[in-house]
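Residues per chain, in single letters:
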Amino acid sequence: MMVSAEVSGLVVGYGDELVLGPVEFTLNPGVTALLGRNGSGKTTLMRTVCGIIPALEGRCRVLGLSVEDGAPVRSKVGYLGHESALAAALTVEQNLSFWSDIVRTYPEVSVVAVDELVERFDLSALLAQKVKKLSRGQRQRVDLARLAMTNPQFVVLDEPLSGLDPVYAAQTRKLLRTWGETRTVLYSTHSVPEALEVARTYLTISGRGLVELGAGGAPVTEESILSVLEASE
Amino acid sequence: MTKQPSKHSRSAAFAKRAWKQQRSTAVWLAAVAGAALGVVVFIGAGEMNAVTNVSDLIPHSQTGLVSVYDADGTVAPLTAYLMSMTPAILGMLIAVVATLTLPGVVADDIGGGGIEVLLASPIPRRALFTAYLGAGFLLTAASWGVATLAFAVAATLTALTIGTVTTLSFAYVAALIVLPLSMGVWSATATLFGALLYPGALESKAGMNGGPIRLLAIFPALIIVPALLAFPAATLVMLAIVVAVTIAASVLIIFLTARGFSSTRVLST
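Chains as they are written, first to last, in the working numbering: chain A, 1 to 233; chain B, 234 to 502.
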């Protein structure tokens with residue numbers, strides 16, 4: 001099986017401020033949950049893996065390539081931040097049109113048509129609405145459609161399930177599992193039961209290090225994850 | 234379908250989005266400000282044109298940029314003087330419009346998750362900055378064009394209505410076109426500098442409505458208007474100095490913003 005991401009000796013942070021590391025792990029196709037306590041460095045780690053911020057030290061390769069600034073491999077990476085990537089003052093249609101125009105400038109990418117995304121994510125009723133009028137769940141759906149535009153092979157999502165109502169949360173969990181069948185999905189969460197339902201492997205932040213659970217099919221329980229999280233106090 | 238990257242279409246996408254986000258503010262505010270100035274400059278002087286014993290405040294002789302005669306053929310010195318100041322006042326209005334519209338061009342991205350997605354994309358940082366800058370310039374140019382046109386139309390109609398005869402020198406027309414544009418460009422670059430690198434500096438502070446970056450953006454206008462009042466004989470020279478300084482300062486601040494625009498900086502603010 002091809003390794004989707006390979007991280008070694010990675011230290012992450014902002015400028016002189018070290019947040020996490022050094023850490024080592026690999027990611028394979030399927031869903032991996034990143035768990036950690038508040039402020040433990042989940043977002044910083046995911047930003048570094050995607051090449052949004054540079055690593056302070058170490059190496060990170062995605063789909064066999066480095067993700068430095070401007071690298072074409074980024075066309076194959078889909079990122080969903082904790083905050084929506086949509087302009088609040090514009091309509092859903094205008095936002096999708098903007099992102100469609102942007103992703104068409106990416107090198108070597110097959111762009112999924114907006115009409116197809118609207119149908120797939122059931123957005124037709126929302127198209128004319130301004131994003132600022134949407135609920136968190138509706139906004140999330142539009143943002144996921146935006147992410148799906150490039151049909152990314154490596155998907156990173158920062159707390160995609162937080163703040164969603166039960167129906168949207170269930171739909172998003174299903175989407176993550178579906179994506180995990182054909183691509184690599186790394187997502188962060190605070191909920192251990194939810195992670196156990198969605199993911200197959202687990203990266204758990206403990207102090208400034210990382211514990212990999214579930215690799216090789218080893219059984220993972222809520223207690224085993226919590227014990228790692230509690231050890232980070 | 235495989236597409237090759239195009240920086241032009243990327244910049245066009247940013248410009249299109251900025252236009253959709255801010256066009257009503259940029260266009261209407263500029264139109265109202267330009268038109269109001271065009272009317273006020275002709276009717277604002279009122280009877281003051283006939284007053285001759287206030288030479289310390291109003292220059293008796295024409296500034297050399299504009300000649301204005303009222304319906305009776307009498308020289309209207311205060312109107313001429315106000316006209317000679319309009320490039321600076323129009324520049325100030327355009328600078329203010331830029332400080333009101335441009336933060337919105339990047340605010341949603343910086344305040345939301347847009348910037349993270351863009352930084353995760355294969356678009357190089359420098360190209361991203363260029364796209365924001367292009368969008369900012371588009372809005373500023375639109376404000377400038379609308380404000381100048383509104384001023385020209387309103388001033389012409391007002392002058393015709395009250396029977397004023399106005400002769401504009403080439404230098405005045407050049408100043409009317411170039412000075413507001415240069416002050417708008419300065420305001421745009423200073424505002425983008427703040428929006429991208431120091432978003433907090435655009436927040437209102439006690440006693441400084443709009444934050445220090447907005448003050449910096451309209452600073453040339455705050456200097457030139459009182460300077461023109463104080464030294465009316467040097468109007469053309471001062472307008473030329475302002476054009477040169479604002480263009481040079483804009484180039485410098487674009488360079489500084491491009492250098493400082495990094496993901497670590499943007500995401501840690």
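No lab work stands behind these hints, which were simulated from the structure alone.
Accuracy of the hints is not assured; some may be wrong.
Computed cross-link-like contacts, PhoX-like style, restricted to lysine-lysine with a CA-CA straight-line distance of at most 25 angstroms [said to hold, decoys possible]: (1) A:Lys130 x B:Lys249; (2) A:Lys132 x B:Lys253; (3) A:Lys174 x B:Lys253; (4) A:Lys133 x B:Lys249; (5) A:Lys133 x B:Lys253; (6) B:Lys249 x A:Lys174.
Since this is a predicted model, take the numbers as computed values, not measurements.
These are the hints, each one checked on the structure:
Taking the CA atoms of A:Lys130 and B:Lys249, the gap is near 17 angstroms; set against the 25 angstroms cutoff, the hint holds. At roughly 15 angstroms between alpha-carbon atoms, A:Lys132 and B:Lys253 fall within 25 angstroms of each other, so this suggested pair holds. This hinted pair does not check out: A:Lys174 and B:Lys253 have alpha carbons roughly 35 angstroms apart, beyond 25 angstroms. The straight-line distance between the Cα atoms of A:Lys133 and B:Lys249 is roughly 22 angstroms, inside the 25 angstroms bound, and the hint therefore holds.
Simply put, A:Lys133 and B:Lys253 have alpha-carbon atoms about 17 angstroms apart, close enough for the 25 angstroms limit, and the pair holds. Simply put, B:Lys249 and A:Lys174 have alpha-carbon atoms about 35 angstroms apart, too far for the 25 angstroms limit, and the pair is violated.
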